[in-house]
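*Asks:* First to last, the sequence lines map onto chains A and B. Mapping the first sequence onto full-length UniProt numbering, position 161 (from 1) lands on 161, and the numbers just tick up by one. Mapping the second sequence onto full-length UniProt numbering, position 159 (from 1) lands on 159, and the numbers just tick up by one.
Fair warning: there could be bad hints in the mix.
[What the hints assert, rightly or not] Chain A residues, not near chain B, derived (Cβ > 12 angstroms throughout):
#1 Arg23
#2 Thr70
#3 Ala106
#4 Leu131
#5 Glu146
#6 Gly159
#7 Thr189
[Unchecked claim] Output of the computed footprint for chain B on chain A, the stretches with three or more beta carbons under 8 angstroms from beta carbons of chain B:
#8 24-33
#9 107-117
#10 147-157
#11 166-178
#12 197-208
Hints were generated in silico from the structure; no laboratory data involved. All residues carry an ideal CB built from backbone N, CA and C; glycine is no exception.
Protein chains: 2
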Amino acid sequence: MATGRTHRPATRSRGIPEATVARLPLYLRALTALSERSVPTVSSEELAAAAGVNSAKLRKDFSYLGSYGTRGVGYDVEYLVYQISRELGLTQDWPVVIVGIGNLGAALANYGGFASRGFRVAALIDADPALTGKPVAGIPVQHADELEKIIRDNGVSIGVISTPAGAAQQVCDRLVAAGVTSILNFAPTVLTVPDGVDVRKVDLSIELQILAFHEQRKAGEEAVGKGPLPQTAAGRDESADQGPDGDVPAVMPA
Amino acid sequence: MATGRTHRPATRSRGIPEATVARLPLYLRALTALSERSVPTVSSEELAAAAGVNSAKLRKDFSYLGSYGTRGVGYDVEYLVYQISRELGLTQDWPVVIVGIGNLGAALANYGGFASRGFRVAALIDADPALTGKPVAGIPVQHADELEKIIRDNGVSIGVISTPAGAAQQVCDRLVAAGVTSILNFAPTVLTVPDGVDVRKVDLSIELQILAFHEQRKAGEEAVGKGPLPQTAAGRDESADQGPDGDVPAVMPA
DNA sequence: ATGTCTTTGTGAACGCGTGCACAAAGATAG
DNA sequence: CTATCTTTGTGCACGCGTTCACAAAGACAT
Numbered sequence: 001m002a003t004g005r006t007h008r009p010a011t012r013s014r015g016i017p018e019a020t021v022a023r024l025p026l027y028l029r030a031l032t033a034l035s036e037r038s039v040p041t042v043s044s045e046e047l048a049a050a051a052g053v054n055s056a057k058l059r060k061d062f063s064y065l066g067s068y069g070t071r072g073v074g075y076d077v078e079y080l081v082y083q084i085s086r087e088l089g090l091t092q093d094w095p096v097v098i099v100g101i102g103n104l105g106a107a108l109a110n111y112g113g114f115a116s117r118g119f120r121v122a123a124l125i126d127a128d129p130a131l132t133g134k135p136v137a138g139i140p141v142q143h144a145d146e147l148e149k150i151i152r153d154n155g156v157s158i159g160v161i162s163t164p165a166g167a168a169q170q171v172c173d174r175l176v177a178a179g180v181t182s183i184l185n186f187a188p189t190v191l192t193v194p195d196g197v198d199v200r201k202v203d204l205s206i207e208l209q210i211l212a213f214h215e216q217r218k219a220g221e222e223a224v225g226k227g228p229l230p231q232t233a234a235g236r237d238e239s240a241d242q243g244p245d246g247d248v249p250a251v252m253p254a
Numbered sequence: 001m002a003t004g005r006t007h008r009p010a011t012r013s014r015g016i017p018e019a020t021v022a023r024l025p026l027y028l029r030a031l032t033a034l035s036e037r038s039v040p041t042v043s044s045e046e047l048a049a050a051a052g053v054n055s056a057k058l059r060k061d062f063s064y065l066g067s068y069g070t071r072g073v074g075y076d077v078e079y080l081v082y083q084i085s086r087e088l089g090l091t092q093d094w095p096v097v098i099v100g101i102g103n104l105g106a107a108l109a110n111y112g113g114f115a116s117r118g119f120r121v122a123a124l125i126d127a128d129p130a131l132t133g134k135p136v137a138g139i140p141v142q143h144a145d146e147l148e149k150i151i152r153d154n155g156v157s158i159g160v161i162s163t164p165a166g167a168a169q170q171v172c173d174r175l176v177a178a179g180v181t182s183i184l185n186f187a188p189t190v191l192t193v194p195d196g197v198d199v200r201k202v203d204l205s206i207e208l209q210i211l212a213f214h215e216q217r218k219a220g221e222e223a224v225g226k227g228p229l230p231q232t233a234a235g236r237d238e239s240a241d242q243g244p245d246g247d248v249p250a251v252m253p254a
């Protein structure tokens, strides 16, 4: 089953490190808030605090974009908002389709942050005929048969998958075949895509499990006292009943 | 405004690298699928393919847990499922509260993956009195006033925040004060928490912006041909109108 | 114009994560 | 019991990302 590349940008992004790119939206958000309060300039220290990062890291990040600060003063908020927006490609319009209009899909369609920052929901798509035509967030749901046509007619290059896990790869393949080159995947599956297609995944279940790990660790350390603890935390393992669910559909209509 | 630690585990997790912990749920999912198909053993190569990672990485990851494989054969699926579940703390029950029952909160409440793997939705909480008592996913919504009591009565240590951005920090503070030590944050804000509290964030808007960046990059490279491109992609910047929304609430009820 | 003070931009060191490549371990066949 | 073959477990090297610490740059006061 093909060891296809997964969820790592193929191209090394011409100089700007991936880690930096991932933080730019954070800076942008903080800067937008400042802009709304009509704050003219910020120091790296202040902005870093607002974005929840180290100030040295922030300065280095900005250094990849160019020298937009003034020594002794700080950064011009408006100018920086513009520069980051441009760098992220937010000065242009990005039509997006959402495939799979269950609970999660509907929530995404209603998401306010979509409309802002250049993203526009071009279409909602679902395989369930019962949903076809029904408006969600003011947009009528279209049937999956129309997928290819929708993509091409609207010049969509970004797709969001919020279908059950079982349908995700198939939907992904069709999106890619129709011309989509960036995918945001909410289904709990590993998607295989050709080179040149970016996949980012958001997986609630994984996030929770990571939290559980650290939570268990904390509980263990507390119980033992503070000394080095033996591989595993205290006792407490009840029995090995893992639920009979396996790869559950991400979020289902009912 | 205190430079509080954010979303990095304070403690260095006793030997197991964070990157490895983040992959364990992935392996677990692949293994569970194999288990359901009654596959007795897997090689690192097969499992790695299923999980979408490098086989060497997978073997190194497992080596942190101990030596659970058999050379010349591979790994025992059932045994590995158990070991990883135990390591992640999934053999015990984790009561979870969801605060903010808008579209997203409702979607999360309905999420099948919650119930599985030891996570149990102990309560749904919202500040809107109109929602109080109304069942969502079969669970009646409780009013935010009850938050502290709910946390304590159920021994909740993991909280999910799906409120608008404006309310997130306040909710977070109350959760932490009531004893929650792990938070999954869906609101588009930087949360400040005391040491010892873990925060993980899921931010749709950020993911999209990262995709947009790479998308723009691809478009630029394609247009130029293939050679080194001058800092920014081709022309195409329309004008600097950034939407007037700023920190939009994550996902709103209406 | 000169000096002081603030804040940026970055060189350099360090640590973590990744991937290669191979030796050790065990299964399996003869 | 010996030989062969498969697959694990890991030493090692490399590259990315983070952080420190400081020199350069500019604002501002005198």
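*Asks:* Broken hints, numbered, in rising order?
*Replies:* 1, 3, 6, 7, 10 and 11
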